[in-house]
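A.B. asks: Next come the chains, spelled out residue by residue.
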Amino acid sequence: MEALLSTKKVSDFRLGLQGGLSIAIGYMPVALTFGLLARTTGLTVTETVLMSMLVFAGAAQYISLSLIAVGTGIIEIILTTFIVNIRHFLMSASLSEKLEEDRLFKKLFYAFGITDETFTVISVKEGKVRTGFAFGVMLISYGSWVVNSGVGYFIGEILPEFLQASMTIALYAMFVGLLVPSMKKSVKVTFLAVVAGALNSILLFTTTLSNGWSIVLATLVSAVIVELVVMMKGGGRANE
Amino acid sequence: MNSAIVLMIIGMAIVTYIPRMLPFLVFKGKELPPFLQGVLKNVPFAVLGALIFPSILLIQEGNLMFGVVGTAAAFVIAFLGANVILVVVGAISVLSLYSVFLM
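So the sequence lines, in the order shown, correspond to chains A and B.
Each residue of the first sequence is one higher than the last, beginning at 18 in the working numbering.
Each residue of the second sequence is one higher than the last, beginning at 6 in the working numbering.
These are computed hints drawn from the structure, not numbers from a lab.
Each hint should be verified, as a subset may be incorrect.
[Claimed, not checked] Think about it this way: if two alpha-carbon atoms lie no more than 20 Å apart in a straight line, the pair counts; the simulated SDA-like pairs of lysine to any residue are: (1) Lys-123(A) <-> Tyr-22(B); (2) Lys-205(A) <-> Phe-179(A); (3) Lys-145(A) <-> Tyr-22(B).
[Stated by the list, open to error] Just so you have them, the derived chain A footprint on chain B, three or more residues with Cβ under 8 Å: (4) 7-14; (5) 40-46; (6) 59-71; (7) 79-90.
Beta carbons are placed, not taken as given, at the ideal position from N, Cα and C, and that holds for glycine.
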């Protein structure tokens, strides 16, 4: 690989692997449970691992299992998957501003690795982010997701009950760990997170919007409102 | 392997990949208007807020305290300046202790 020839790139990649480690830990219980559920739904181990390899989207994969279980048709399942994952469009758009300019095929390659979790880890990093870093974050996350899906198919039940329950906090704890340092530095960040969290809660409890759409709407509205407020207060200068 | 399931998986893969790659094609080499750039820079922090709330409070169905304890643990550990891995491991440990000794 050409990336390995340059030491600069290697260290970016390594930093990315380190940055993605918390995702790899957080994916463990989610992927193990997915593997376990896939077996009880009647998928073979090959189908289970294939889905994790090709789709790489936790929520959509879980939903597909529950739809298969109630006998939903293939087209409906694919459509639901599309609707659940359309939120990644917003994240990719944001990343296209955040990542260093690079060849199109590399971007199209790492676009596959964009999940809620890889997106947040990459995008809270300060300054322009290098391609190698993104690859590192994504590779370790992807590896954990695929391997643990397969492992879960066979041994998901081995983890003690209390540990399985406690590990459900992992990915959310990671989000908190990513958000809090930025909140301490910036009032704007705090506003963005609080407004979006509040909006999402209101939308989920008062409307019939799905979780995916509600996150998209809450994110967009708060990102626009806070930007408007900053513009009006500082004439667009107080951006950071 | 069941060919209907494999077809379904391929379909799911395609519709998941399209929204992930489309912005890189559409925005390629374009300078976006500053306001839109600002909004896109806000997205990470807004999305974190929306991903965390309210889901973090509801991690155990029918037991709000479990979510509250886990949330509080994560925020306190993060606020003390720990790195992300420590926040994750710490929150899991606090919840394990809580469920073994207090539930």
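A.B. asks: If a hint holds in the structure, say so; if it does not, say that too.
C.D. replies: Hints and how they fare:
1. This hinted pair checks out: Lys-123(A) and Tyr-22(B) have alpha carbons roughly 14 Å apart, not beyond 20 Å.
2. For the proposed pair Lys-205(A) and Phe-179(A), the alpha carbon gap of about 38 Å is over 20 Å, so the pair is violated.
3. A C-alpha spacing of about 24 Å is found between Lys-145(A) and Tyr-22(B), which places the hinted pair above 20 Å, so the restraint is violated.
4. Restraint check on the region 7-14 of chain B versus chain A: 7 residues with Cβ-Cβ distances below 8 Å, three needed, restraint holds.
5. Only when three residues or more bring their CB closer than 8 Å to a CB of chain A does the claim for the region 40-46 of chain B stand; here the count is 6, and the claim holds.
6. Taking a C-beta to C-beta cut-off of 8 Å, the region 59-71 of chain B contributes 6 residues in contact with chain A, enough for the three needed, and the coverage statement holds.
7. Restraint check on the region 79-90 of chain B versus chain A: 10 residues with Cβ-Cβ distances below 8 Å, three needed, restraint holds.
Going down the numbered hints, you'll see the structure goes against 2, 3, while the others check out.
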